[in-house]
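Model the placement of chain B on the given structure of chain A, informed by the hints.
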Amino acid sequence: MRQPCSSSLKSVFTLGLCLSFGMSFGQSLEDSSESTWPNNFQHAQSERLVEAGKLALFENELFTAERRFSEAMQIAKVNEGLFTETQIPTLELMIETQIAQGNWEAVDTQLEYYAWLNNKRSPNSLSSYLSGIAGMSRLLLAASANVENPSSIRYLIASKNLNWQAISAIESTQGKNSLQLAPWLYNIVLAHYYQSSTTKRRGMTSYEYRSEDEKIVSGWSLRKNESMRISYSIGKDLLERIQALYLNNPQQSPETAGLILVYKGDWEMLFGNKTRALSLYNEANLAFTNNGVEQSSINQFYAATTVLPATKFQSAFEFNELDDSPIEFLAWSPNYIATSSPESQRLNQILPEPEYNALVRFSLDSLTSSLRATESAARMVVALSDLQVLSTTPDNTFVKDLARNEINLLQFRPKFENGIPVGKENIEMQYRFSPGINSFAVSQNENSQ
Amino acid sequence: MKTLSKAKLVLFASAIVLLLLTSCAVEGGGNNPNSMPTAAEVEQYNASVAPSERIACRNERPVGSYIPVRVCFRVSDMRRVSDLQRDELRRVLR
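Protein sequences, first through last, are from chains A and B.
Each position in the first sequence, counted from 1, maps to that position plus 287 in this note's numbering.
Each position in the second sequence, counted from 1, maps to that position plus 9 in this note's numbering.
If we strip away everything but chain A, and leave its shape as in the complex, we get (with noise of 0.2 Å):
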């Protein structure tokens, strides 16, 4: 009868004191995680990663870059979610390191990923919708701007099908007459000029940089002209058709019509339809004083150089304060020759310095000619003269020739004065070559020789 009394007093002093050590460990544990063992997936962790990730992209260190912006990325799903939005700047951080690298694998990976994300936001959000499309059109175009890539063409063709997406995904919500619709179709026309643009790249003829399919299909690859034909065809079309959504709009300023004839009259200029272009013009300037703008204010419009194709669609005069400073020229990439830096390219995270710059003073003559006495033949003509380098960054002979050969190339829009066209002198213009473009002439040298 005693010994099983004492056993079980035993086994109960045993209990106690296995609990009392099993919850001293407990608490000493707790300690330990809180003083030593840090939380790998704290929110603070992830900005902490991305700013060393932009530190290293300051550096040059694109590999480690990238590893930091893939650790922030896994920490925002562990916190917030496998569709959280706020991965986003950091994924296309990371596609810009990936991009610079030349790592196309890891890009087109990558970017299947932002397209599956962006396909699960809310169907009802258009405008985060349309943002995430912006963000990798961006992308695609800075991936086809870059030297290095063997098919800069197929990104170029990828992003214009995203503009077409944005569109069709307007058009569906919104309706087909939304006023939406216009940048994202001049987009498309722009992206018409690039692709056009490619035929003045030496040894840009074959098949494969024409197009975005791997596999050539006898009896469907294009040639040069029909390629450049269909480019213009649909450009003017899209102009046409941003005119139409513009006509009748209650929303529509003054300057409007006249401003979209302007448009489609430069695009008549890019393509050599001198007659048509002029005629456009003339358009413009009756439009603009038929909607009763003040001609100080359509000479003030038409002061401004411009380079075509214009990068930015606008629906309304915007202008910016008139100073004596040079006007500011980026050349976008070698693959894509006299063309500026599209817009989207500007907020470019990583964009590379320009090597090379060049100041430089010329003068504009805005005339019409024709070659017969009609007035039905007259040509809209800019031509450029008295070019002058004045300075260059490095100062040599190579930067000095290659600022007159690139410039040459560029296509101005006419300047008019009371409805006439006039000349402009003494331009300065300062002009920062595309970056890459250092490696892109050497390799072009040794291809012609």
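Don't take every hint at face value.
What the hints assert, rightly or not - Restraint-style ranges between C-beta atoms, simulated for each label pair: (1) B:K15 - A:K511: 45 to 53 Å; (2) A:S520 - B:V58: 18 to 26 Å; (3) A:S465 - B:L102: 53 to 61 Å.
To be verified - Negatives, chain A to chain B, calculated, CB over 10 Å: (4) A331; (5) E346; (6) V365; (7) I375; (8) P376; (9) N405; (10) K447; (11) S455; (12) A531; (13) N578; (14) Q582; (15) K711; (16) R719.
No wet-lab data here; the hints were simulated from the structure.
For clarity, every value in this text was computed on a predicted model and none was experimentally measured.
Even glycine gets a Cβ: it sits at the ideal position worked out from N, Cα and C.
The following block gives chain B in isolation, referenced to the frame of chain A:
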């Protein structure tokens, strides 16, 4: 009377010629659902479908005519026909 009928005949013939010429010059697209799509419409459609489902259009001169006509094909069909013709040619040349 004779002159009038001759003038009518010339007018009728001119109308026929004009009709024939305009029928050759009809562009695709527009509001007619049976007309060929414009290049912009084709591009918008192609942007939203899988690569094999895309269509390609071009102007072709059919045998026996100088007047080009716009023809559109599905890429997968063109690829299949292209492969078939290549195989046939190989078989004949073997």
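Structure-based check of all given hints:
1. B:K15 - A:K511: 45 to 53 Å: 50 Å, holds
2. A:S520 - B:V58: 18 to 26 Å: 22 Å, holds
3. A:S465 - B:L102: 53 to 61 Å: 57 Å, holds
4. A331: 41 Å, holds
5. E346: At roughly 39 Å from the nearest Cβ of chain B, A:E346 sits farther out than 10 Å, so the non-interface label holds.
6. V365: 34 Å, holds
7. I375: 22 Å, holds
8. P376: Non-interface label on A:P376 holds, nearest chain B Cβ at 26 Å vs cutoff 10 Å.
9. N405: 15 Å, holds
10. K447: 8 Å, violated
11. S455: Label violated. Min Cβ-Cβ 6 Å, cutoff 10 Å.
12. A531: Non-interface label stands for A:A531: nearest chain B Cβ at 13 Å, farther than 10 Å.
13. N578: At about 28 Å from chain B, A:N578 clears the 10 Å cut-off, so the statement holds.
14. Q582: 36 Å, holds
15. K711: Correct as stated: the minimum Cβ-Cβ distance to chain B is 35 Å, above 10 Å.
16. R719: 33 Å, holds
The structure shown violates the earlier hints numbered 10 and 11.
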